[in-house]
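Colleague: Each protein sequence line maps, in turn, to chains A and H. Our numbering puts the last residue of the first sequence at 112; the count rises by one with no breaks. Our numbering puts the last residue of the second sequence at 117; the count rises by one with no breaks.
If you are wondering where the hints come from, they were derived from the structure by calculation, not from laboratory data. Any given hint could turn out to be false.
Interface residues of chain A toward chain H, partial, derived using beta-carbon atoms under 8 angstroms [claimed, not checked]:
| hint | residue |
| --- | --- |
| 1 | Y32 |
| 2 | T97 |
| 3 | G103 |
Okay, derived cross-link-like pairs now, DMTMM-like style, lysine to aspartate or glutamate, Cα gap no bigger than 20 angstroms in a straight line [unchecked claim]:
| hint | chain 1 | residue 1 | chain 2 | residue 2 |
| --- | --- | --- | --- | --- |
| 4 | H | K41 | H | E22 |
| 5 | H | K41 | H | E105 |
| 6 | H | K64 | H | D27 |
| 7 | A | K109 | A | D67 |
| 8 | H | K20 | H | D88 |
| 9 | A | K52 | H | E105 |
| 10 | H | K55 | H | E105 |
| 11 | H | K20 | H | D65 |
| 12 | A | K99 | H | D88 |
| 13 | A | K3 | H | E52 |
| 14 | A | K3 | H | E59 |
| 15 | H | K41 | A | E14 |
| 16 | H | K41 | H | D88 |
| 17 | H | K55 | H | E87 |
| 18 | H | K41 | H | E87 |
| 19 | A | K109 | A | D31 |
| 20 | H | K64 | H | E22 |
| 21 | A | K69 | A | D31 |
| 22 | A | K99 | H | E59 |
| 23 | A | K99 | H | E87 |
| 24 | H | K14 | H | E59 |
| 25 | A | K3 | A | E14 |
| 26 | H | K14 | H | E52 |
| 27 | H | K55 | H | D65 |
| 28 | A | K54 | H | E59 |
| 29 | H | K41 | A | D67 |
Glycine included, every Cβ here is placed at the ideal spot set by N, Cα and C.
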Amino acid sequence: LAKTTQPISMDSYEGQEVNITCSHNNIATNDYITWYQQFPSQGPRFIIQGYKTKVTNEVASLFIPADRKSSTLSLPRVSLSDTAVYYCLVGALSSGTYKYIFGTGTRLKVLA
Amino acid sequence: GAVVSQHPSWVICKSGTSVKIECRSLDFQATTMFWYRQFPKQSLMLMATSNEGSKATYEQGVEKDKFLINHASLTLSTLTVTSAHPEDSSFYICSAPPGGQRGGEAFFGQGTRLTVV
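Isolated chain H, as found in the complex (with noise of 0.2 angstroms):
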């Protein structure tokens, strides 16, 4: 199946930077992202939906000026956390959604550990 590759796969920051965390799409073009953010001991939580060559759709409550993301080319997305704190520490997941419109497999990445001290 496609493969989605995220990285790092863990990082520690000091509060007040920021981090970037990229997704790419192997094996195939993928004109759409995901990123998710999941807390411990809690499920995914869609943040924004990254479109290549246009701007990001947000959810709602989802600070676009902290969470940066770009979705330059087709094979990668990134998400920027800008001057990070304690409480963005989480569990950052990005995938491509199914190739049909009728669902199908998502693929996901690894998944990035953001610890902010």
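For reference, chain A alone in the conformation it holds in the complex (with noise of 0.2 angstroms):
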């Protein structure tokens, strides 16, 4: 099973571009990065997937090197309303199902 490795907190500024970059050096060939948001007493929210190079969306961009044994999210001028958790999970395929195991996450707060 691909683990992942973040940083445990970041803070960060509202108005800036905030970067939190995820290991996963056991990737699987066929495993796809998935990053979540998760406020408070709320669960995971998706915010964004890929397999190599770059993918953007509305809200974030997702940076995968050639080698994908990293990631990078990419969330462009923050705001207090980012403060969250962010997960980087890498899909395990265990029994038949693909299924996604929860690293330490990066707790980000934004402020003023």
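With the hints as a guide, dock the two chains, each given alone in a separate frame, to form the complex.
Modeller: Written out as structure tokens, the structure reads:
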């Protein structure tokens, strides 16, 4: 099972770009990299997913190098409401079911 | 996107009683559901995999007799915490796995805050 490693916490200021890097050295060939956001007392919310190179959507970008052993979630111009925990997930195929094992996540605090 | 609805969103129960948490897939069928537990300031911990029409599979260290899982239909999975104790107080979250074999967006319920007093 691929394990992910992220910084435990990060602080940023409003309006800044935030980059959160995740390492996943044992990622399997068919695994995708998915990022989730979680606010207190809520279920995780999907942010972005990618397989290689760069993916961008309306809220974030995901950069994945060629070896896919790491990935970087980029949040442009964060606001106070982006304060949350961000999880990098690499799916694990187990007994025919694709499931996610959560790592520690990165607790992002956006300051005014 | 697909919606997973969890009920109740919070519950308080007395020590020794049992509590049932429901997880429904509203606009799709889910043959598999995952149940997670999350303690304050910690990450989600996978407890078990619920399989429609068959027994659930539990992660190592999770007591299957304490956390009863039933997946009787393609849209409903339930988690029953039996003989609850204060240490079972936690945030419980269910999710439906990605639809494809290569991963994808998993759909999470809103979570249930269980407080055992």
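Colleague: Looking at the structure, which of the earlier hints fail to hold?
Modeller: 4, 5, 6, 7, 10, 12, 13, 15, 17, 19, 23, 24, 25, 26, 28, 29
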